[in-house]
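There are 4 protein chains.
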Amino acid sequence: MEVTSAQQLLQEIFAPWVRELNLQVQRCGGGEVELRLPFDRKLTHVAGVICGQVYMAAADTAMVLAISSALGGFRPMTTVALNTSFLRPVSDGDVAITARVLRQGKNLVYGEIELAGPDGKLAAHATTTYALL
Amino acid sequence: MEVTSAQQLLQEIFAPWVRELNLQVQRCGGGEVELRLPFDRKLTHVAGVICGQVYMAAADTAMVLAISSALGGFRPMTTVALNTSFLRPVSDGDVAITARVLRQGKNLVYGEIELAGPDGKLAAHATTTYALL
Amino acid sequence: MEVTSAQQLLQEIFAPWVRELNLQVQRCGGGEVELRLPFDRKLTHVAGVICGQVYMAAADTAMVLAISSALGGFRPMTTVALNTSFLRPVSDGDVAITARVLRQGKNLVYGEIELAGPDGKLAAHATTTYALL
Amino acid sequence: MEVTSAQQLLQEIFAPWVRELNLQVQRCGGGEVELRLPFDRKLTHVAGVICGQVYMAAADTAMVLAISSALGGFRPMTTVALNTSFLRPVSDGDVAITARVLRQGKNLVYGEIELAGPDGKLAAHATTTYALL
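Chains as they are written, first to last, in the numbering used here: chain A, 1 to 133; chain B, 1 to 133; chain C, 1 to 133; chain D, 1 to 133.
Read the hints as simulated data drawn from the structure, not as lab findings.
There may be inaccurate statements among the hints.
[As the list claims (entries may be wrong)] Mimicking DSS-like on lysine-lysine, the simulated pairs with C-alpha atoms at most 27 Å apart in a straight line are:
1. K42(D) - K121(D)
2. K42(C) - K42(D)
3. K106(C) - K106(B)
4. K121(B) - K106(C)
5. K106(B) - K106(D)
6. K42(B) - K121(B)
7. K42(C) - K106(C)
8. K106(D) - K121(A)
9. K106(B) - K42(A)
10. K106(A) - K42(A)
11. K106(A) - K106(D)
12. K106(A) - K106(C)
Everything numeric in this text was worked out from a predicted model, so none of it was measured.
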């Protein structure tokens, strides 16, 4: 799965509310994907930093694409669990989201997602389990 | 903190993108809050069910209000971690989100969030740790 | 599954190292189990409180019994994930562990575990996902 | 902090029950530590594989040493939360546990732990938050 088809997948399968994040596929293949989240004021809360809800939504979205790239294409799946830790605030600049599959089983897939601010430092970190349907 | 002031807080402190969820405060007080998420097609993904990203965002939002109600008002805080498990799909009808504080420490607060579909069954379950600033 | 058979199961299926916790089944049935962890100095670390490793091990053990009680008997299963939060130290007295199934699917089971100190307050809280084999 | 002092710390601060795991420090420094868990039948459950409780206990233990190495020595701390996913069974051979600090804040530290079987593949993966006291 290449960048173009991953970007198209992003438009086709996710909820309209999630697509508002305007995530941009930068790199995709072999169970790993990198997305860019363009900074946008509508994603920041009262303290002026990107809100945690955005990181969780971006992490989940990125992992669906990473798993699809590992499987050679999209296949119905469902998130079993997603754990996110919030590490540093981002008050300006884009966020880079890297999702990678760490264990692909027959039914369950496990992976991690790193979200880095414009300084390259971790803003959030997530792990997740998906069930293939 | 009553329902009206909790609803007002919801409008003031959360990101515009989160406010699009249109969460409605039903009950608030003593470290527990109940919100209603009105069903909306823009929150559903390709399979026609409410997407996981919505549950995580609603859970995080509800807990900020629950903690504020325990503290007697809003106070700067930050989500340290939020773990969500996705249990049953919701393809129609509103979701009831109940957040409650389980442990309020001096610096850290721990709580859980139940998200139930219109049949009253758990659609998702989350636990979370916040740091008071 | 009654208390006696749950206690026997505890002796038969868990690792010898886990059995050293000397967990005692207090109540068992309908997807919920309560165990008692007798206080023991060999379970405490340098600060004189029960160490976190004990809570995680007890939580995992309790949930296997809770799921078995929901299924009407033991069946091969594997822990997919277990998330634990540590809330209050216990420096003396027994710990009560209550595990309950929150969602029993065909392949996956989700539940939560409360661990309370002798004062009845939460010492730790865990959530977990199991796969039935 | 070198290997010898980390090994000594392991003997001094952990509970006797945890020390029975017989963890061996292989490498230590700069916020990262590697331990070896010698295979032992008393750590296996009825299916003949190392039980999940062992992985969680080893992960927690390793991270205390990793944080101590980042701080230049042991300092009182407490585990806030530890999330573990179980990925592949290990039925024989030692387990390598690598813990690393991903974010060291003033009060909170976040890190991840990889547990690999003798084939070098991930057997379990954990993330954790500690509070410095």
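Status of the hints after comparison with the structure:
A threshold of 27 Å between alpha carbons decides the hint, and for K42(D) with K121(D) the separation of about 22 Å falls inside it, so the pair holds. A distance of roughly 17 Å separates the Cα atoms of K42(C) and K42(D); the hinted pair therefore holds under the 27 Å criterion. Distance check on the hinted pair: K106(C) and K106(B) sit about 42 Å apart at the alpha-carbon level, beyond 27 Å; violated. Our distance criterion of 27 Å between C-alpha atoms is met by K121(B) and K106(C), whose separation comes to about 16 Å.
Distance check on the hinted pair: K106(B) and K106(D) sit about 16 Å apart at the alpha-carbon level, within 27 Å; holds. For the hint linking K42(B) to K121(B), the alpha-carbon distance of about 22 Å falls within 27 Å, and the restraint holds. Under the criterion of a C-alpha separation no larger than 27 Å, the hint pairing K42(C) with K106(C) is inconsistent with the structure, at around 39 Å. For a cut-off of 27 Å, the pair hint linking K106(D) to K121(A) stands: about 16 Å separates their Cα positions.
In summary, the hint linking K106(B) to K42(A) is not supported, as the alpha carbons are separated by about 32 Å, beyond the 27 Å threshold. Only pairs whose Cα atoms come within 27 Å are accepted, and K106(A) paired with K42(A) is rejected, the gap being roughly 39 Å. The hinted pair formed by K106(A) and K106(D) fails the criterion: a straight-line CA distance of about 42 Å is larger than 27 Å. A threshold of 27 Å between alpha carbons decides the hint, and for K106(A) with K106(C) the separation of about 16 Å falls inside it, so the pair holds.
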